[in-house]
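Next come the chains, spelled out residue by residue.
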Amino acid sequence: MHSRIPRRLRRTEACPVGRAAHRCALPAWVGLCFALLLVPALALAQAVSDPTPLQYRDAAEEARFHALAAELRCVQCQNQSLADSNAQIAHDLRREVLQLMQQGRSDAQIKQFLVERYGEFVLYRPAMEARNSLLWFGPLGVLLVGAGTVAWVVRRRSRQVQPMGESEERW
Amino acid sequence: MSEPRPAARPLPPVAIVIGVLFFFGLLGLMVYGVMKSGAPDRDILPSALIGKPAPAFELPVLHDPTLKVSSNQLRGAPYVLNVWGSWCAACREEHPVLTRFAETKRVRVIGYNWKDEPADALRWLEQLGNPFVLVLADLEGRTAIDWGVTAAPETFLVDASGVVRWKYSGALTQRVIDTQLLPELDKLDRAHAQPHTPPPPAN
Numbered sequence: 003m004h005s006r007i008p009r010r011l012r013r014t015e016a017c018p019v020g021r022a023a024h025r026c027a028l029p030a031w032v033g034l035c036f037a038l039l040l041v042p043a044l045a046l047a048q049a050v051s052d053p054t055p056l057q058y059r060d061a062a063e064e065a066r067f068h069a070l071a072a073e074l075r076c077v078q079c080q081n082q083s084l085a086d087s088n089a090q091i092a093h094d095l096r097r098e099v100l101q102l103m104q105q106g107r108s109d110a111q112i113k114q115f116l117v118e119r120y121g122e123f124v125l126y127r128p129a130m131e132a133r134n135s136l137l138w139f140g141p142l143g144v145l146l147v148g149a150g151t152v153a154w155v156v157r158r159r160s161r162q163v164q165p166m167g168e169s170e171e172r173w
Numbered sequence: 655m656s657e658p659r660p661a662a663r664p665l666p667p668v669a670i671v672i673g674v675l676f677f678f679g680l681l682g683l684m685v686y687g688v689m690k691s692g693a694p695d696r697d698i699l700p701s702a703l704i705g706k707p708a709p710a711f712e713l714p715v716l717h718d719p720t721l722k723v724s725s726n727q728l729r730g731a732p733y734v735l736n737v738w739g740s741w742c743a744a745c746r747e748e749h750p751v752l753t754r755f756a757e758t759k760r761v762r763v764i765g766y767n768w769k770d771e772p773a774d775a776l777r778w779l780e781q782l783g784n785p786f787v788l789v790l791a792d793l794e795g796r797t798a799i800d801w802g803v804t805a806a807p808e809t810f811l812v813d814a815s816g817v818v819r820w821k822y823s824g825a826l827t828q829r830v831i832d833t834q835l836l837p838e839l840d841k842l843d844r845a846h847a848q849p850h851t852p853p854p855p856a857n
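One line per chain: the protein sequences are Y and L, in this order.
Numbering-wise, the working numbering puts 159 at position 157 of the first sequence, and it's gapless, one number per residue.
Numbering-wise, the working numbering puts 801 at position 147 of the second sequence, and it's gapless, one number per residue.
Derived from the structure by calculation, the hints contain no laboratory data.
Just so you know, even glycine gets a beta-carbon here, dropped at the ideal spot from N, CA and C.
Some, not all, of what chain L presents toward chain Y, calculated at C-beta under 7 angstroms: (1) Lys769; (2) Gly795; (3) Ile799; (4) Gly802; (5) Thr804.
Negatives, chain L to chain Y, calculated, CB over 10 angstroms: (6) Val674; (7) Phe678; (8) Gly687; (9) Thr720; (10) Gly783; (11) Gln848.
Generate coordinates for the entire structure from the input sequences, incorporating the hints supplied.
Spelled out as structure tokens, the structure:
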């Protein structure tokens with residue numbers, strides 16, 4: 003019976019935040035756990051992970067890895083790159099990307115690997131396709147329409163405006 | 655600025671109409687964007703696997719790691735795969751909803767214990783109840799990448815031939831089950847009823 007109480011405490015400590023909380027004194031701990039219970043309900047909390055850092059074989063591989071990871075978007079913290087994100091899944095994907103690299107896959111193959119699983123979203127520079135051509139060429143189209151309108155207005159005005167007077171020439 | 659410019663000819667009505675339409679078009683786009691940005695699921699990515707075969711895998715069973723289950727063994731009848739972890743607060747939140755759904759026995763509900771300590775996972779199930787017919791354990795999270803899992807909880811519907819039909823990211827609610835999962839299951843039933851006799855029992 004006596005041993006049950008500490009066990010229960012230990013159980014609740016392993017709440018979504020991970021294992022960082024166990025050194026707090028009890029009152030602070032209670033408050034912290036309450037606060038932390040409220041926050042991660044929406045944030046989809048994180049899990050057990052392998053703490054060993056990534057092992058690069060040489061500097062060139064490390065440079066290639068960083069360049070590639072900066073090109074890929076984290077699938078959870080969506081405004082961060084895979085290189086920047088600290089989300090659990092980003093850790094896992096970095097490990098996976100390095101592993102694929104060490105298996106001799108090219109950057110294009112690695113991108114394809116991720117696109118097959120997570121969709122085009124992972125690419126900061128998606129491939130040009132008919133489906134997303136509006137994104138690629140839309141801005142250019144809008145620019146052309148705008149330029150056309152300006153040209154039309156200017157030509158229309160130049161037909162009716164007199165040559166500039168002295169006072170206007172100054173500015 | 656000093657001299658007033660000669661008044662321009664009034665614009666032709668067509669130009670005014672186009673301009674006004676353009677303005678309201680942009681306004682509409684803005685309102686749409688603002689409304690979309692308030693949606694709670696705005697960050698959720700559509701699964702790249704919908705309509706494609708579920709990834710091939712072989713994973714140990716949580717309750718008996720010597721036992722391995724492969725994706726082929728799950729074929730023959732549809733199943734719902736629920737990705738969870740004892741570390742995940744939202745999974746605890748969806749647990750009663752999932753349990754209620756599993757108890758209807760509409761479809762096999764299989765648990766996917768993702769990056770969890772097996773002891774913690776087992777205790778979680780013991781405390782809250784185990785709604786799953788089978789729980790697969792993916793300690794490393796390697797297979798989860800093949801499934802395109804980004805965060806727990808996530809729920810997949812896989813049909814009898816092993817094709818992913820539906821996915822939901824985030825905690826299931828009764829509303830999601832009623833408006834999305836059940837209609838998908840009905841669709842599977844209808845598709846299945848036409849060519850064959852009822853699905854053979856799995857395993």
